[in-house]
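Given only the sequences and the hints, what does the whole structure look like? Please build it.
Residue numbers (this note's numbering), protein chains in the order written: chain A, 1 to 632; chain B, 1 to 532.
Simulated from the structure, these hints should not be mistaken for lab results.
A quick note: this is a predicted structure, and the numbers were derived from the prediction, not measured.
Glycine is no exception: its CB is placed at the ideal position from the N, C-alpha and C atoms.
Heads up, none of these hints are tricks.
Computed beta-carbon distance windows for the label pairs: (1) A:Ala-359 x B:Asp-369: 31 to 37 Å; (2) A:Leu-17 x B:Phe-199: 57 to 63 Å; (3) A:Val-585 x B:Val-463: 40 to 46 Å; (4) B:Thr-196 x A:Val-585: 42 to 48 Å; (5) B:Ile-288 x A:Arg-550: 43 to 49 Å; (6) A:Ser-543 x B:Asp-369: 46 to 52 Å; (7) A:Lys-65 x B:Arg-495: 37 to 43 Å; (8) A:Pro-164 x B:Ala-109: 30 to 36 Å; (9) A:Tyr-556 x B:Pro-378: 36 to 42 Å; (10) A:Val-585 x B:Asp-369: 26 to 32 Å.
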Amino acid sequence: MAELFWLIPLIPGASALLLVLFGAKLSRRWVAWQACSAVFLSFLLSSAAFAHLVRLPPGAPGLTKTLFAWISSGPFTSPIAFAFDHLTAVMTLVVTGVGLLIHVYSTAYMAEDRSHARYFAHLNLFTFFMLVLVMASDLVLMFVGWEGVGLCSYLLIGFWFERPAAAKAGMKAFVVNRVGDAAFILGILFLLANVGGSSFSLINKAAGGGLLPSGLMTLVAILLFIGATGKSAQIPLYVWLPDAMEGPTPVSALIHAATMVTAGVYMVCRLSGLYAASGPASTVVAWIGAATALFAAAMALVQNDIKKVLAYSTISQIGYMFLGCGVGAYAAGMFHLVTHAFFKSLLFLAAGSVIHALAGEQDMRRMGGLRKHLPVTFPVFLVGALAISGVPFLSGFFSKDAILTGAFAGGQYALWGAGLLGAVLTAFYMFRLVYMTFYGKERTAMEPGHSIHESPRAMTIPLVILAAFSALAGYVGLPVFFGEKADLFGRYLASSVKSGSPHLAVPTEGLLVLLATASALLGIALAFVFYRRTPALPSRLASRFPGVYRLLVGKYYIDEVYDAVVVRPLVRGAEKVYERFDLKVIDGALNGSAAAAGLAGKGLNFLQSGLVRDYALAFLIGAITFLGFLLL
Amino acid sequence: MNAMITNVPLTSIVTFLPLAGALLLIFVRGESVRAVRAVALAVSLLTFALSLLLFFGFDGKSGLPEFVEHAPWLGRGLDYHVGVDGISLFLVLLAAFLTPLALLSSWRAVDDRVKEFSFFMLVLETGMIGVFVSLNLFLFYVLWEAMLIPMYFLIGIWGGRRRIYATMKFVLFTMFGSLLMLVGIFVLYSAYHRATGGFSLAISDLAGLGLSPALQTWLFLAFGLAFAVKVPLFPLHTWLPDAHVEAPAAGSVLLAAVLLKMGAYGFLRLGIPLFPQAAASFAPALSILAVIGIVYGGLMALVQKDMKSLVAYSSVSHMGLIMLAVFSLNFVATEGALDQMLSHGLSTGALFLCVGILYERTHTRLIKDYGGAAARMPVFAAIFLVVLLSSAGLPGLNGFVGEILCFFGIFTSNKVLAAFGVSTVILSAAYLLWLYRRVMHGPLRDPDGLLRDVDRRELACLVPIVVLIFLMGLFPGAILRKMDASVSRYLDSLRTKAPVSLTWKPAARKAIPARISGDAAGPAQLDGRLER
Chain A
1 MAELFWLIPL
11 IPGASALLLV
21 LFGAKLSRRW
31 VAWQACSAVF
41 LSFLLSSAAF
51 AHLVRLPPGA
61 PGLTKTLFAW
71 ISSGPFTSPI
81 AFAFDHLTAV
91 MTLVVTGVGL
101 LIHVYSTAYM
111 AEDRSHARYF
121 AHLNLFTFFM
131 LVLVMASDLV
141 LMFVGWEGVG
151 LCSYLLIGFW
161 FERPAAAKAG
171 MKAFVVNRVG
181 DAAFILGILF
191 LLANVGGSSF
201 SLINKAAGGG
211 LLPSGLMTLV
221 AILLFIGATG
231 KSAQIPLYVW
241 LPDAMEGPTP
251 VSALIHAATM
261 VTAGVYMVCR
271 LSGLYAASGP
281 ASTVVAWIGA
291 ATALFAAAMA
301 LVQNDIKKVL
311 AYSTISQIGY
321 MFLGCGVGAY
331 AAGMFHLVTH
341 AFFKSLLFLA
351 AGSVIHALAG
361 EQDMRRMGGL
371 RKHLPVTFPV
381 FLVGALAISG
391 VPFLSGFFSK
401 DAILTGAFAG
411 GQYALWGAGL
421 LGAVLTAFYM
431 FRLVYMTFYG
441 KERTAMEPGH
451 SIHESPRAMT
461 IPLVILAAFS
471 ALAGYVGLPV
481 FFGEKADLFG
491 RYLASSVKSG
501 SPHLAVPTEG
511 LLVLLATASA
521 LLGIALAFVF
531 YRRTPALPSR
541 LASRFPGVYR
551 LLVGKYYIDE
561 VYDAVVVRPL
571 VRGAEKVYER
581 FDLKVIDGAL
591 NGSAAAAGLA
601 GKGLNFLQSG
611 LVRDYALAFL
621 IGAITFLGFL
631 LL
Chain B
1 MNAMITNVPL
11 TSIVTFLPLA
21 GALLLIFVRG
31 ESVRAVRAVA
41 LAVSLLTFAL
51 SLLLFFGFDG
61 KSGLPEFVEH
71 APWLGRGLDY
81 HVGVDGISLF
91 LVLLAAFLTP
101 LALLSSWRAV
111 DDRVKEFSFF
121 MLVLETGMIG
131 VFVSLNLFLF
141 YVLWEAMLIP
151 MYFLIGIWGG
161 RRRIYATMKF
171 VLFTMFGSLL
181 MLVGIFVLYS
191 AYHRATGGFS
201 LAISDLAGLG
211 LSPALQTWLF
221 LAFGLAFAVK
231 VPLFPLHTWL
241 PDAHVEAPAA
251 GSVLLAAVLL
261 KMGAYGFLRL
271 GIPLFPQAAA
281 SFAPALSILA
291 VIGIVYGGLM
301 ALVQKDMKSL
311 VAYSSVSHMG
321 LIMLAVFSLN
331 FVATEGALDQ
341 MLSHGLSTGA
351 LFLCVGILYE
361 RTHTRLIKDY
371 GGAAARMPVF
381 AAIFLVVLLS
391 SAGLPGLNGF
401 VGEILCFFGI
411 FTSNKVLAAF
421 GVSTVILSAA
431 YLLWLYRRVM
441 HGPLRDPDGL
451 LRDVDRRELA
461 CLVPIVVLIF
471 LMGLFPGAIL
481 RKMDASVSRY
491 LDSLRTKAPV
501 SLTWKPAARK
511 AIPARISGDA
521 AGPAQLDGRL
531 ER
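This is the structure we're talking about:
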């Protein structure tokens, strides 16, 4: 079974192709079954390959398979080749596992949609490209998946394309990503030209062996990271992700929370040899991550759209992952990627269940008191909220702690402090969401006759499974005071990514854990005071600090700034250039010089007679003259 | 090679079959539109089928022209001399592939003087293929000029409102360039006579002349202007939007897909090999114009209100990348440029077909008149998107292969120019997806209920291109391998004739000891780049 691992991406790919071509003719049942089965098969194959991998002796290389030579021209070669090592296994299991649950959830969530088959075709296609991205053995093929998931993101954000906002958000996502991708391509070009190939093992070997000039490594690492800031929605290219919430909610869960947006983190871990060898680049990664974590968390504090809160939360949490990678704790970054995939997709799907129950309502100011109506959604949401807040013994607690410990152990106390502050904010905005949505007075504005109802089982079962993982997934990576070997996850990944910073003494680490726990509880307590005990407090605070409040609600006006500084000058400028330069100056000059070139006056009139025979005559005269000249 | 094929003058047949078909059309009654269309389509399809024999029969190991036919014609070196090599083969295929699709696409759009229309389309096909297969400069020039005539009529008769203005502009621009080329041909002809005492305009003979640098400079300028207009290179591009906007859809398809390629092909076949030292000294200037074209064309495309002129400006941008790669003068860039020429031919040809399909329904090309068309035209929406993405260079589709090879080739010659070239990744996504959003997405704007999905005939036009878009994107080796030897030979010939540095920034790349690839292809990279 395991040697068939290269089929893992191809099965959903084939299913997507069938759905694109014949989806309109198939029954809804068939479409749903086929789409889910394809991902399920991939999940089974991934599990088989994973089982094979862990039985291999330590140090043995993973599985590789070259399908064919794709692009090759002189020194440029790029094969279609897949690899399956420990790091890949984690990603494929997350993509196919969480992906499967979201496919199942979608069968109910999208059951009534007019374009049911198109939805599942795109969802399968996304799974295909995401698996290509994580299984590629070189950067160029990774870029294929990288762009491919971007395309699917575009298609699914703009799924309800009649809505102008959705169409606009889809396009924004693609174009902003392309800005990052241009830098990504330059990074690839530098590597191809200087390493002689783009396979990950080659790059990491070259970087680790000190064979590349350090300036070059830093440049390449930063160029690739700019690509990651696009895909993974970090400063300065995060602006597309909040808008991406225009897509169907399961899409937000799969693409814009659990998998695609974490591709940048995966890329950095995949090239941990390169990043570890470049101190400046790692510093940039860590600080961008930390800044994004705080910046986005602050915006999440004041959002009223339930999905927007989760979107900013995703940006913030991915910032944590980069913070981990930047301080050298690559395994911790991956660990948080995995736990985040569980609890964030859980939160999104549960939010979807809320939205579903309220017939499309997303504004939390028109929710409240829903815990009585949603007996499954509420507890699983609570589990997700506790997990992301870092409350002890749930998954997010362990993974966030691993990152913070990594920062502290690396001597990066400022980054550690930023992470700790972020943890307070995270707990605060999550429980603000919980209180506004599930507690307090019912503020729903439902039409009479439409009662609030719990979602069907195809939606709640995935929620329960994800809740279980959100609660328990942390136990694969326990802190050091549970013993040297407690960090199963870190030891498992040791062969694929650079190992992290030195371990701390047990008492220090214990203290850090206590502080992290305290900050989570502080955030929850503050949310309780603000949104449960004294609900008037937020508005009092907002009127006390109107500037800060407006800044946050206005999302720091970054969209407006980009619009004013980049987009509008570019478009307006291009319009001016077109009207005043292209049409007048260039065209005018060329038309003028054509006239001046002996065709003035009557000659021009003659030529503009529009009579074809005149031109034919001229041509004939020319040709005869030419022939005559040559033959004489 | 198949013995049967070698005995048949296949190149000539592929070249002149369309002309024969055009002459045959004269004897078909013009009133029986169906018969005219059927004959024209059948002839062009047969031409394509025969051109496939060229493809499959082409060996490509030697890098020399194959299927060569050489016969005295007018004497004194004005010979009939044709053949295909790895550089021209695929352009011949492109012309032969797109002509039947262009004919088929015009079955509804053109219902006036169908016989004449089909006649000129077929004559145009012979002209296009003829230019690519010519191995003699005289034949090349005759066909290069002759090709103008059918294009002139196609735009002038079946064009839009400002067709006369656009036609004259197109003809004047092209003629102006060509006239200088003609003078250049005279000079070359006499230079050959002075050097050898014989007469020849065979391209291979002329390439070995060893002209003085001063003469090379003047001749390169004379030829280069003709080619630069055709490409079109910034700032000589303004005839293109006018010609495209006014041309009938079928004319736009061939104009964008094939005629523009003749400019780049002219540089590869004549401009650079005949005058290598001049080409090298002009490479910086031309590269900068090409880069300006990439960015400028992209920005202009962004603000067009007419779909056709948007696609026209996108061609200026894309052709800029191709020219930048051509003037990088190394192996990967040259193969990338050739592959990108084909890809651009397919995707831009298909873009014009798509615009034509929309225009046929609503009789407007203005973007603002559309909205939400995807709701009414789901199949068209999918195809249009694939075509756009192919043009935007999405990996897995054809555009990416040429683009990444161009990028890499340009990068090895000059990193700064490559960085500017890469901006096309952003710009093309912006103007194409913005077009798509405004036309296909958003609330439906179709007050008169004119939008309906593609019918079978339209599918028959588009599906072959979509299939090729995928095949070329996934299996580019089938094309690149047939180019390899010819491209190597082309670059070798430049090196032997121009021992001085051909890249204009030799210090751009220091030898980095860390080349750890160790594969055999490694050193070839340096060899291909002609810089020592």
